[in-house]
Structure formats: C-alpha cells, structure tokens
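Here the protein sequences come in this chain order: A and B. All letters in the first sequence, in the order written, are residues 1 to 303 by this note's numbering. All letters in the second sequence, in the order written, are residues 1 to 305 by this note's numbering.
Honestly, the hints are just simulated from the structure, not real lab data. Glycine included, each C-beta is placed from N, C-alpha and C at the ideal position. Be aware that one or more of the hints could be misleading.
Which chain A residues stay away from chain B? Per the calculated CB distances, all over 10 Å, these [as the list claims (entries may be wrong)]: (1) Leu71; (2) Gly134; (3) Tyr291.
Now the in silico label distances, taken between C-beta atoms and shown as ranges [as the list claims (entries may be wrong)]: (4) B:Ile248 with A:Phe166: 34 to 40 Å; (5) A:Ile204 with B:Leu226: 26 to 32 Å; (6) B:Gly244 with A:Ile204: 43 to 49 Å; (7) B:Gly244 with A:Ala58: 20 to 26 Å; (8) A:Val145 with B:Asp138: 35 to 41 Å.
In silico DSS-like pairs for lysine-lysine, Cα to Cα no more than 30 Å straight-line [to be verified]: (9) B:Lys173 with A:Lys290; (10) B:Lys173 with B:Lys105; (11) A:Lys290 with B:Lys105; (12) A:Lys290 with B:Lys217.
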Amino acid sequence: MDRPVVSSASNRTRWRAGMSERMLVLFIGLFLVAFSLVCLFPFWLMVINSFAVDKSLAVSGYAVWPSGFTLKSYRFLLQGKQIFTSYGVTASATAIGTAAGLAVTALFAYVLAHPKNRFSGVLSFMTYVPMIFGSGLVGFYLLVVRWLHLKDTLWALVLPYMMNPFYAFIFVSFYRSLPYELNESATVDGANEWVIFFRIIRPISTPVIATIGLFYALQYWNDWWLSLLFIDNSDLYPLQLLLRQLMSQMQLSTLNHGNVLALPPAEGVKLATVCLTIGPIIFVYPLIQKYFVKGLTLGSVKG
Amino acid sequence: MMRSMLRDIARNRFLYAMAVPGILFLVVFSYIPLAGHVLAFKNFQISQGIWGSDWAGLNNFRFFFSGRDWMQVTFNTLYLNVLFIVFEMGFALLIAIFLNEIRLKWFKRTIQSVVFLPYFISWVVVGYMTFILFNNTDGLINHALQRNGVRAVDWYQTPWVWPIILTLVRIWKNAGYLSIILLAAIAGLSTDYYESARLDGASRLQQMRYITLPLLKPQIIILILLGIGRIFYGDFGMIYGIIGDNGILFPTTDVIDTYSYRALRQLGDFSMSSAIVLYQSVMGLIAVVTFNWIVRRIDQDSRLF
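Please take these sequences and the hints and turn them into a complete structure.
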C-alpha cells in the first residue's frame, strides 16, 4: 500500500498514457537513427576501404574496419591521367548542360506561362506527349549516331537532356504564380520581353532556377546512360562510365599507361574512384540540400 | 484566321522567339526519334537506312511474341515496379510521419540530411555498393554469415532473392527523398486539426493514423500515379547498374528496357529492338490513360490531365 492515496484511477491512466507516448517517441527516434545508419553504412564501407591496404582487402575482403591503411590506391589513381580526363569530361558536360539546359527550359516555360501567348495549349500538349509516350531507344540512337553524327563527342552527353518537360512544368507553375502586373508595367515602359525576362523575372525566380539547376546538374553528373550508348573513346569517358568499366573488370592498365611495375590494388583503385566520383556531391550537398527541399515542394504542386 | 495568327506572331515575335530553342530541342530529341518506331515494321539494314529498308509487316512482332521472353520481361517490369512503388511509398510515409513527430530541431534536420543523401548517388555507384555487400566471395554479408557458421550464399547466382534486394536498394535510395516531399506536405497541413484532436484526448498514434495519413492522401495519390504512369518503363539505370550482363539473374530482373537495350547494342538487331520499344510505348500510354481515367472517376482533383 505504498501508492499515494491521491492516485485515482483517471490519474493512473493519464500517467500510463504519458508513458506510452514517451515510449512511442523513443521508438520513433530509434527507428530513424537506425534507418540513418543504414543509409550511411555503404558510404562508410566505400570510404574506409578505399584506404585499406591490399592485404586487408585480399584476406578479409571489404571490412567495416580494415587491418591497415594506405594512400596507395589514390596515389596510383592520381598518377594516371584517365581520372583527370574523366573528371574534365564530367565537369564540362555538367557545366555546359546545366547552364544551357536552364536557359532553354526557363525561356520556353516563360513563353508557355505567358498570358499573351495564344499557343499555350499547343505548346503544353507538345510538352506533355514525350512524357507519356516513349519515343523509343532505337530512334533516339539512330538520331544521335547516324543523323546528328554525335557519337564519341561531348555533345552526345549534353544535348539530349537539355530540355526536360518535367522541369519546364515546374518553371511554368512558378511563373503562373507571379502577378502579371510586374510584366505589364514594364511593357508600358516599352521594354521588350527579353528585357522583361532578364531584368525582372529572372532575378525573382532565383529559388526555382537554383532548384532546377541542381536537378540538371545532378542528372548530368550521375548519368551514364548516354555515355554507355554513345561513347567508345576512353578520352571521352565521363566518371560514371569509367567506374562502370572498372567494375566490369576492364584492364586497369588504361588508367596508368606504361606503369606496369606498380601493380595496382585493383579493388582499392575502384573504391578510390568511387570516392573521387561522389566526392563533389558530398561536398556541395550541405549547401544545396535546402534548395532541393524548396524545389521539391514547388514540384509537388501540380503544374 | 491564318492572317491573324501570323499578325499575332509578328507582334509578339520577341516573346515567341524565346520558346524557339526549347521547341527545337523537343522536336529533335523527342519527336524525330518517334520515326524510329517505323523500324518495328521493317527489316532494318544499316546500309539502306530507315526508309530504304524492306517492309517486314508484323514479322518482328510475331517473332517477339512467339518466344517466352516477352512475358518474362513484361512480368518483371510490372512486378518490380509494383514492389518499388508500394514499398518505397510505404517506407517514405513511415519516415515522414515519424519525422513529423520529432520536436528536437537539430535531430530532425540531421536525420533528414542523412536519409536524403543516397538520392544523390548514381546507380553505378549504388551497383558497386550492392556488390560490396552481396559479393559471393568477399562480400560483407557472406563474411558475416561465415563468421557465424552459416554457409555463404551465392547471391549473384540466386535469381529469386533479387526482387527483394532490388526493392531494399530502392528503399535505401529513394525513400528519404520521397519522405521529404511528404514532410513538406505535412508541414503545410493546418495545425488546427492537431489542436482539436489533442483537446479531445487523441494520442499521438491516433493523430498520425487519423489526421496526418488521411490529409496526405492527395500527395500520395499523385506520387503513386506518377509511378503507375511509368509502370511499363523499367529503371534501366538501376537494373543495368546493379545486374549488368549477369544472365543468371535475368529470369527475375530483366525488364523491357534492359532487354531492348541488349537487342540493340549486343545483338545489333534494330528492328527487333524497335518492336519491343513500340510495344512498351503503347502499353505505357494505355496504362497512363487508363489510370488517369480511373482516378478522374474516384477523385477529380488528383487526375494528371
């Protein structure tokens, strides 16, 4: 009978409810921490094993904590020129594609959303169709290879993704949310549409431009579909294709011409390549994350 | 009519000029390739070009549909996509609703950043990560099994486990991203509902179940619909990045996109590949229109078009 006398039945249930509430929050917290660890774990394995000595990789395979550390894989990788070539290709494709893609998409969407445009319906329809009816691999392949003659050129990695209908619609829904008076006052002042776009609209659409720009950049940086189809020349291998070729056991010698004596730690080199490939993303990630979140919110609004 | 249209174009030439590059790219990269579908009805010879090659009637289709492959790749495509949509969505919902219950700002933000991270990684890298974990000889999982006295499993020679592994990989990569979209939607919900629910003595679990979940329905429907609209399109980047040319795993992992890719790039059979792709495009279109029609009947506001 050590229970206080005041503890009525209703008090006890409230106490119990509070307890189960706290248990629930604890469970939720643990669940989220567990899932986060699962998300991070493969990254950890990549990074830590890229510094592992050959013996560790050979004896115990990929380990959560290798038995010894070395920079050999990185040194080997950075001695060759392929990694720099590939970095150059990926960086160029990403830079050109993102800048040009943004310009093309933003301008197109601006016209699509413009109240003066009498062809909005037609343009909208024209933009929708590719989203729901695939144009097909074969026609696309023939177009790029046989008609545009872009095989083994940087343009094959850039041009096909430059006008993304989905991103265009995100732009459209943003432009439609702007007050038209902005536009009208400038028209009265005699400015033409290009001036209005670059002087008035572009500065206030920075959040969307940032978001879509990041989408484009991510797409270009991570793409390996275009290079798989159109690039055979190793001087034009983007990072992702280089990685892909390394994984499918291509001879490592292409990485490091003429350096036969320094036998590469094959697994280590692959892991190091992965780390160098995802490195920039991991670095800019904290900076771009909040824009992404903002943009996703925009994107979830139906265009 | 024509005259007034031309006059309109002339008057607003600066405006319309802005759309020209976009239209050009759409036409070149989305419309001209449609001509490739013609090859499905031809016996394509590179030397004779698209228009010069002989007509083959429906032979390419007859060939494609006479084998058993088409059933397998169609089934795999649909089956995997359904698995992906259901589990990705379910898991993303769970994370979003859970995150919404967290009051500690820094904790919430950290978790959000971490679960979002895998979305930024290419499928090639994900394929490699999968390899590190499931590799037959020195993969992490087999090592762990062996240490505990369990016999190692030849994962890359066991087709039936791959739908599960691929689903787990998809959850790993996309659930965080989807949960952030959903969380943004939750943040937009009115707090009134929760306040009155709390006054009525609803527990947190009840609030999640009876307020958050029902209010998220429109977002969930849109996301599912976008998935269903592409249900006939396999995720080439994913499947090829993880499975590659490992023929042993084809029975459970080969999708229409990887199949047509191999027909084109490895067999060099353009006509066959086009037949497959045309079949895919038509089925995809039917899927979109049908599901849009169904949704329009159930819920006017959620339809796509």
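Hints and how they fare:
Annotated as non-interface, leucine 71 (chain A) keeps its C-beta farther than 10 Å from every C-beta of chain B; the closest such distance is 20 Å. With a minimum CB-CB distance of about 4 Å to chain B, glycine 134 (chain A) fails to clear the 10 Å threshold, and the non-interface call is violated. Once the 10 Å rule is applied to beta carbons, tyrosine 291 (chain A) is consistent with being away from chain B; the minimum gap is 12 Å. The hint said 34 to 40 Å for the Cβ distance between isoleucine 248 (chain B) and phenylalanine 166 (chain A), and at roughly 36 Å that hint holds.
The hint said 26 to 32 Å for the Cβ distance between isoleucine 204 (chain A) and leucine 226 (chain B), and at roughly 28 Å that hint holds. For glycine 244 (chain B) and isoleucine 204 (chain A), the Cβ-Cβ distance of about 46 Å falls inside the hinted range of 43 to 49 Å, so the restraint holds. Between glycine 244 (chain B) and alanine 58 (chain A) the C-beta distance comes to about 24 Å, which sits within the given range of 20 to 26 Å. Range check, valine 145 (chain A) to aspartate 138 (chain B): Cβ separation about 39 Å, and the 35 to 41 Å hint holds.
Restraint check for lysine 173 (chain B) and lysine 290 (chain A): the C-alpha separation of about 18 Å stays at or below 30 Å, so the hint holds. At most 30 Å may separate the alpha-carbon atoms for a hinted pair to count; lysine 173 (chain B) and lysine 105 (chain B) meet this at roughly 24 Å. With a C-alpha separation of about 15 Å, the suggested pair lysine 290 (chain A) and lysine 105 (chain B) falls inside the 30 Å cut-off, and the hint holds. Taken as a hint, the lysine 290 (chain A) and lysine 217 (chain B) pair is honoured in the structure, with Cα atoms around 25 Å apart against an allowance of 30 Å.
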